[in-house]
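Q: Listed below are the residues making up each chain.
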Amino acid sequence: MEITLDTRGGPSNGPYFEDAEGFNMPEPPGNGSRRIPLGDFPTGPDVGSRLPDIVATDQSGRTVDVHADRAGQPAVVVFYRSAVW
Amino acid sequence: MDAYRAAGVRLYALSYDEPDALADYAKAHDTTFTMLSDPDSEVIESFGILNTLIPPDDHPWYGLPFPGSYVVDADGIVVAKFFEHNFAVRSGPEQMLAAALGQEFEAEDVRGGQPVDRVSAEVMVDGDRLPMGVTRHIVATFRVPEGQHLYGEPVPEGLVASTIELDDSDGILSYEMLAPPTSPLTLAGSGETLQTYEGDVVLRLPIAQNARQMQKDDDGRYVTISGRLRWQACDDNECFLPESMPFSFRVEAGFPVLGDMGPGVGRVPAMNGAQHFQRLIDRRA
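As they're listed, the protein sequences go chains A and B. Read in order, the letters of the first sequence correspond to residues -18 to 66 in my numbering. Read in order, the letters of the second sequence correspond to residues 19 to 303 in my numbering.
By construction, these hints were calculated from the structure, which means they are not laboratory data. These numbers come from a predicted model, not from an experiment. Accuracy of the hints is not assured; some may be wrong.
Stated by the list, open to error - Label pairs and their calculated CB-CB ranges:
| id | chain 1 | residue 1 | chain 2 | residue 2 | range |
| --- | --- | --- | --- | --- | --- |
| 1 | B | 301 | A | 1 | 29 to 39 angstroms |
| 2 | B | 173 | A | 46 | 41 to 51 angstroms |
| 3 | B | 217 | A | -4 | 52 to 62 angstroms |
| 4 | A | 30 | B | 121 | 32 to 42 angstroms |
| 5 | B | 119 | A | 30 | 41 to 51 angstroms |
| 6 | B | 203 | A | -17 | 37 to 47 angstroms |
| 7 | B | 217 | A | 54 | 23 to 33 angstroms |
| 8 | A | 12 | B | 58 | 20 to 30 angstroms |
| 9 | A | -17 | B | 207 | 21 to 31 angstroms |
| 10 | B | 302 | A | 33 | 17 to 27 angstroms |
| 11 | B | 256 | A | 54 | 45 to 55 angstroms |
| 12 | B | 121 | A | -18 | 30 to 40 angstroms |
| 13 | B | 203 | A | 27 | 25 to 35 angstroms |
| 14 | B | 254 | A | 13 | 58 to 68 angstroms |
Think of the CB as a built atom: it goes at the ideal place given N, C-alpha and C, for glycine as much as any other residue.
Turn these sequences into a full structure, and let the hints guide you.
A: Listed below in structure tokens is the structure:
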């Protein structure tokens, strides 16, 4: 899949920039963390397929296997940028 | 989070942060959902959602996903997913919970089973606040009398599809409307097939607030969302005139939870953010 970089937008107030949808950012669109796709981009497993296995360390240092841990309950799995910034 | 627990739905949030950064965040915010650490972006890569627009030597940004959410049912099957191209926008928890429970298009029975003779419509905002960049849904519920139907897209010239229309606003973004599947109805005369809804019909329009509205709103604490519902009802013999119902909601703006690089004014609670950020830069440099 060819992914296009979204560079729309420009300077905003003071040292800030604004993207094409009106969100402020510390860097010009298409730079640093603000490298977002314009148009199609991969969104992973399809609706109707089994969620791939996820095994990772949680906030208390415990190893979590999501499918085992949810113990037959429905779940929401969020991929987000960072808890730090 | 209480709503998730009450509904028996688990919540996992995965990022490329180190476990000790998650521990500090969880402590600072009293987090009760499961935060997962994927410092080498292995899970992110295995899902095929690594942001490949970021070069591998650009720290600390390399390793980020194209952010989004998956909703899985009790069998672990993906039943819905929410991805927006702009990483400033993410789905609200109400919508993901509704999808997890299979209730996205379920209408609450407010008329107590009383039959109606013409279509009635209601509209609400799902979620009490509209923080910048977090989507909420405008939810329209149409009560369609037995023997009548409404239309979904596409409609031929002369008929009006059921829809939620927003007034133009610099500060409110809207996304593709979510609608339940339609039933095909083939007309005897022309052989043309129309897409119809019967019974109670729920439509959902995701909206988000950008930074412009935050700056422009008079006191900065409320945003106004206005627009109209449109629909046209028909029975087997005739079509009624198209109808329109305006709406206007003044919703508390709210603020997203931001990462804390603190300490500093308005930056509570502290979670050693600057130190963890430096680690993100140094760990692969």
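Q: Could you check the hint for me, namely that residue 217 of chain B and residue -4 of chain A are 52 to 62 angstroms apart, CB to CB?
A: holds (54 angstroms)
Q: So does residue 254 of chain B sit 58 to 68 angstroms from residue 13 of chain A, Cβ to Cβ?
A: holds (60 angstroms)
Q: Quick check on a hinted range of 20 to 30 angstroms for residue 12 of chain A and residue 58 of chain B, using CB atoms only.
A: holds (24 angstroms)
Q: Given the hint of 32 to 42 angstroms, check if residue 30 of chain A and residue 121 of chain B actually sit that far apart at their C-beta atoms.
A: Since residue 30 of chain A and residue 121 of chain B have Cβ atoms about 22 angstroms apart, the given range 32 to 42 angstroms is violated.
Q: Using the Cβ atoms, figure out if residue 121 of chain B sits within 30 to 40 angstroms of residue -18 of chain A.
A: holds (33 angstroms)
Q: Between residue 256 of chain B and residue 54 of chain A, does the beta-carbon spacing fit 45 to 55 angstroms?
A: Because 49 angstroms falls inside the window, the suggested range holds.
Q: Does the beta carbon distance between residue 119 of chain B and residue 30 of chain A stay inside 41 to 51 angstroms, or does it fall outside?
A: At roughly 20 angstroms between Cβ atoms, residue 30 of chain A and residue 119 of chain B fall outside 41 to 51 angstroms, so the hint is violated.
Q: Range hint 25 to 35 angstroms: satisfied by the CB atoms of residue 203 of chain B and residue 27 of chain A?
A: At roughly 29 angstroms between Cβ atoms, residue 27 of chain A and residue 203 of chain B fall inside 25 to 35 angstroms, so the hint holds.
Q: Can you let me know if the beta-carbon spacing of residue 302 of chain B and residue 33 of chain A is within 17 to 27 angstroms?
A: holds (24 angstroms)
Q: Is it true that the C-beta distance of residue 301 of chain B to residue 1 of chain A lies inside 29 to 39 angstroms, as the hint says?
A: The hinted range 29 to 39 angstroms holds for residue 301 of chain B and residue 1 of chain A, with Cβ atoms some 32 angstroms apart.
Q: Starting from the hint 23 to 33 angstroms, judge whether the C-beta atoms of residue 217 of chain B and residue 54 of chain A obey it.
A: holds (30 angstroms)
Q: Does the Cβ-Cβ separation between residue 173 of chain B and residue 46 of chain A fall within 41 to 51 angstroms?
A: For residue 173 of chain B and residue 46 of chain A the Cβ distance comes to about 48 angstroms; the hint holds.
Checked against the numbered hints listed earlier, the structure breaks hints 4, 5 and 9; every other hint is satisfied.
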